[in-house]
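Number of protein chains: 2
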Amino acid sequence: MKTHRQIDVKNFESREGFIYRYQKLIKDVVIPYQYAVLHDQVEGVEKSHVVANFENAARAVRGEDVRDGFYGMVFQDSDAAKWIEAAAYSLATFPDPELEKKVDGLIDKIAAAQDEDGYLNTYFTIKDKEKRWTNLLEGHELYCAGHMMEAAVAYYETTGKDKLLKVMQKNAAHIYRHLVTEGHEGYPGHPEVELALMKLYRATGDQKCLELAKHFIDVRGVNRDFYKQEVEKRDWKVWGNDASDYDYQQSGKPVREQFDATGHSVRAVYLYTGMADLASETEDQELLAACKKLFESITDRRMYVTGGIGSTVLGEAFTVDYNLPNDTAYAETCASIGLMFFASRMLETEADSKYGDVMERAFYNTVLAGMQLDGKKFFYVNPLEVIPGVSGVAVTHKHDLPVRPGWYTCACCPPNVARCIASIGKYAYGENETTAYIHLFAEGKISFESGLVLECETGYPYEFKVAYRVIEGSGRVAIRRPDWSSKFGICINGVQVQEQCEKGYWYLDYVKEGDVIEVSLDDRVKKIYASSRVASDSGCAALQRGPLVYCVEGADNDGDVLALSYAEKGAAIAGEYDSALLGGTVMLTADGYRSQKSTSLYTYEKLKTDPCAIKAVPYYTWGNRGLGEMRVWLPEK
Amino acid sequence: MKTHRQIDVKNFESREGFIYRYQKLIKDVVIPYQYAVLHDQVEGVEKSHVVANFENAARAVRGEDVRDGFYGMVFQDSDAAKWIEAAAYSLATFPDPELEKKVDGLIDKIAAAQDEDGYLNTYFTIKDKEKRWTNLLEGHELYCAGHMMEAAVAYYETTGKDKLLKVMQKNAAHIYRHLVTEGHEGYPGHPEVELALMKLYRATGDQKCLELAKHFIDVRGVNRDFYKQEVEKRDWKVWGNDASDYDYQQSGKPVREQFDATGHSVRAVYLYTGMADLASETEDQELLAACKKLFESITDRRMYVTGGIGSTVLGEAFTVDYNLPNDTAYAETCASIGLMFFASRMLETEADSKYGDVMERAFYNTVLAGMQLDGKKFFYVNPLEVIPGVSGVAVTHKHDLPVRPGWYTCACCPPNVARCIASIGKYAYGENETTAYIHLFAEGKISFESGLVLECETGYPYEFKVAYRVIEGSGRVAIRRPDWSSKFGICINGVQVQEQCEKGYWYLDYVKEGDVIEVSLDDRVKKIYASSRVASDSGCAALQRGPLVYCVEGADNDGDVLALSYAEKGAAIAGEYDSALLGGTVMLTADGYRSQKSTSLYTYEKLKTDPCAIKAVPYYTWGNRGLGEMRVWLPEK
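Protein chains in written order, with our numbering: chain A, -14 to 622; chain B, -14 to 622.
Everything labelled a hint here was simulated from the structure, so no lab data went into it. Careful: at least some of the hints might be erroneous.
Copies of the same chain look alike in the list, so a pair counts if it fits in one copy or across any two.
Claimed, not checked - Derived lysine to aspartate or glutamate pairs resembling DMTMM-like cross-links, with alpha carbons at most 20 Å apart:
#1 K622 / E553
#2 K94 / E49
#3 K450 / E440
#4 K383 / D306
#5 K554 / D595
#6 K622 / E590
#7 K512 / E590
#8 K622 / D576
#9 K591 / E553
#10 K116 / D100
#11 K383 / D227
#12 K593 / D545
#13 K277 / D337
Source: prediction; values computed, not measured.
Looking at chain A on its own, in the form it has when it is part of the complex (with noise of 0.2 Å):
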């Protein structure tokens, strides 16, 4: 049932425009400060030891001592493992041959850190090897070995290089021997391993890679108290994580009897695009149905308008339906990446615009917001709806932070949003044999294995005119018609198409060399409602143009948001594009009203408002100047 799949990544040449200014930022800041960061070669920063726990690992796998050689979190191999991910990715679109030599010593480091057995986690092998696969509720190491696949697979697909691709293939056989072979019960405390396995499965056509992922799917949640019965077994934990919290860790039951989206947010959604990717691969209807389910439970009732996910700090996790609170949000910014991916792997099962929709509501917004717009520092936690002197500072906000601190003691977010840039070619773009598939609109080269050959020209986000020149070749193309857009409208060289919509994807039977297929979308700013289910959003409108979700500011707005509201019959909301603002946006000001200041906490006389014009920036652009108020959602009256 797989529909179509993503294209390769270096079959995405990002060019000038909006996604190439990431990319570039991707290559020229954020891969050069995290390599140094690994390396600990940056002041000031907390020591990540990630390079010398690997070198200190090859040691121990040398037979010497080195127990007190491991620094860092138990995952902090899969810092490296997403640094090598994110830059094959950049490789593609910048090849660097300095970065490149980077990688190669990198990989040499780890590969010399494997075992013989082809075990690899220096947290294990450096510490206590008799440790090894006794703790899958809280050791990371299946985390970090599909994050080390993930990363194997990237380096070979951009490169052709397969010195990690071997190692982790070897990993696999040994996990594979391991869990399924030598029949040790066990599946993952953080799902990952699952939809690595998938790539590992499809780059080497190795078999056990396939039978290893659906062993671990299959398992998970069957025996829900297997964690349990581990700690039960061993005199040793990590945090000492709660056994019997199954929704935390997805194992209350059978995957494909799971059909609402429950505990840590990145763990559900890796899990599920896993599930996702087997399903299609397999022809696994049941897990279809339950990967289905879990979409529509968390893009039907359990998402943020920004496309944030997990409403909750404890345990970092969903909460219930319609549960979304604005101010004190989790939202991890590597959850959203992991809702793209599980859209993603959905979409390939079926060419329905509402993954796209997602996948792009996710990336403009939470994905992009997670950075700073100097690619320098890092969100976690996407609250939306900060309040200096609350979020961060009451016990209740530690978590929303108002502004990005540097580099975490837990670096999981700022990788995780390089590879997810530096590829975002393979969710914006797929096919199949018949058909070239258009579901985000990324300026650059597209090259199908059809012999299609798309040259995407557009201003997008900020503009909506859409242009794909046919370079080369010709075929079918489907292009999604995103969720926001009234209006949409093709024409090719010149002439209106008549539409032709499944799903929400236009489907353009044939173009050929030469042909310019000119995509119109709708360019007006839309006032956005929530359900009234949601009761943080009681009352409340935000703005969103285009993809962008916006948000009102401190810094626009005399310092103070809360006494904003929207005017519901104000003029049509508008803004002209600034370059020079916020690295080049567009403000928008909207018609509204501003209360006026009471000394009282309440008082029996509605405050007066007054008239005001009220600026709103996008989403993604919020907390790049300072400390201030911010609000997505205001009242509307």
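Let chain A serve as the given structure and place chain B on it in line with the hints.
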């Protein structure tokens, strides 16, 4: 600087009317039920073991080994104390030899549990005498002592019996010896003994009680690391409270330098009550100045419109200014009772209506909401928004129960509500040599020490005429003008009196036997608005009629409250008294809108709204008709 004092509880005799019905409920239902619980005589209710603990402690005092004879929380003794206090107050209105016999019996048991040296606490006496006074942070010895002192004073006040009073004087002497004479460092983890010692001082004239109260208030926070040092010295704990959480235990600074209400909200207001009482008793201007700032911190920036305080379950605590989430509120019943205590003591220092306003707001809304209308079940936590499926369910909302459960393991609130209602006369009326003060309008007979006797007749809080008939004596009367009453008139014998108001009190210089004072209050329903700093209430309004804040429940609104909003320019809001509804109440009907249902989480079109009549009931009556939505604040447009 004590301008006047509370009246003796036995000098208010409630008769027919709202307060009477509540006091009758306390007598008929709450006191007998709680007595049975203390004696473990209620089937299906978690074992209390309170009385058994005293019996076992008496055995321990006699030298028997009963080390396993304690059950319950470390502060279990206080349940007995609060019950005696409630019973004592109730006896003032409802003489009842049977009840008095029960109290005497319980007091005998308590007296028998007192050690020869005056020590009295079943937890330590039963479990390990050696641990006495080694854990002021968590041990609640001073807290339990304080409640028992309050009980002793109350029972002495209403019956003249002094057995418990003597027990507690001896106990106070023991505490004085240990902490003052012998100079052991320390101050109470949970403040309470300070306010109780002030009462004990006034009841007995024992100067050492005053000194001891002053000692605890003076040393608090001077060595802010006292608890940390204490933890280091012992090898046991109760829960392992964080000794360095200065906010939680109000110990970060000397109390005269504390200006923001912080930490555990019940502890906070109990402390401030003791401080205010000491300040006025000793004319300590610096201490009073701190109390004023703390009172403002609470009521100007950290109090719900219902008089609830404590914005978070984390530490059952205050958070930061203007952070007043409705759905995750803690707003513990006990905290609002404590706020009444604090306001009442502040009122004694200065006859300013703002203190009475807060007392009235807390009492008629949060305190009464704490108890089910039948007196059988109680809320600890009093949220201002309840959504079935979220409240009590989501991990962030576990504490916000949508319906009142039965007796709790930690049974602090139910007996606290009982003693508060049973003694409401003390808060309603005050006096000094020249003036009789009317703070709250409570129907019944009030006998002032001056010989002035008033009889109050009113349908308050549902009717807004309050008549005071002078039965005996003559003198000056001061009547509080409530903040919500924009109209306020007084007639004596049918003749309008010229207004003579000072700080919200209308002074009648001379009334005499036979005079009838008629107070006319504003009978109009008002909308109330929060400052724009309160993010949770942006764009919203609540309804208030008299002192009663209203809420909107699903039961009256087709089960769907989230879809409702008030019309900014609707017709006057009104309602009729219905004696059959919720124990007799006025349901209000307000013009508003109901948003049509959407199947989408987000829509680009505003959902159509239909005009509708919104029904609201007093907040204190909420949750008496099963599971349903509830909101105090609704958007207004």
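Do the hints match the structure? See the list:
no.: 1; hint: K622 / E553; in the structure: both (5 Å within a copy, 9 Å between copies)
no.: 2; hint: K94 / E49; in the structure: within (16 Å within a copy, 70 Å between copies)
no.: 3; hint: K450 / E440; in the structure: within (14 Å within a copy, 81 Å between copies)
no.: 4; hint: K383 / D306; in the structure: between (24 Å within a copy, 15 Å between copies)
no.: 5; hint: K554 / D595; in the structure: both (15 Å within a copy, 17 Å between copies)
no.: 6; hint: K622 / E590; in the structure: both (17 Å within a copy, 15 Å between copies)
no.: 7; hint: K512 / E590; in the structure: between (29 Å within a copy, 7 Å between copies)
no.: 8; hint: K622 / D576; in the structure: both (11 Å within a copy, 16 Å between copies)
no.: 9; hint: K591 / E553; in the structure: both (18 Å within a copy, 9 Å between copies)
no.: 10; hint: K116 / D100; in the structure: within (14 Å within a copy, 54 Å between copies)
no.: 11; hint: K383 / D227; in the structure: between (22 Å within a copy, 17 Å between copies)
no.: 12; hint: K593 / D545; in the structure: within (16 Å within a copy, 30 Å between copies)
no.: 13; hint: K277 / D337; in the structure: within (12 Å within a copy, 63 Å between copies)
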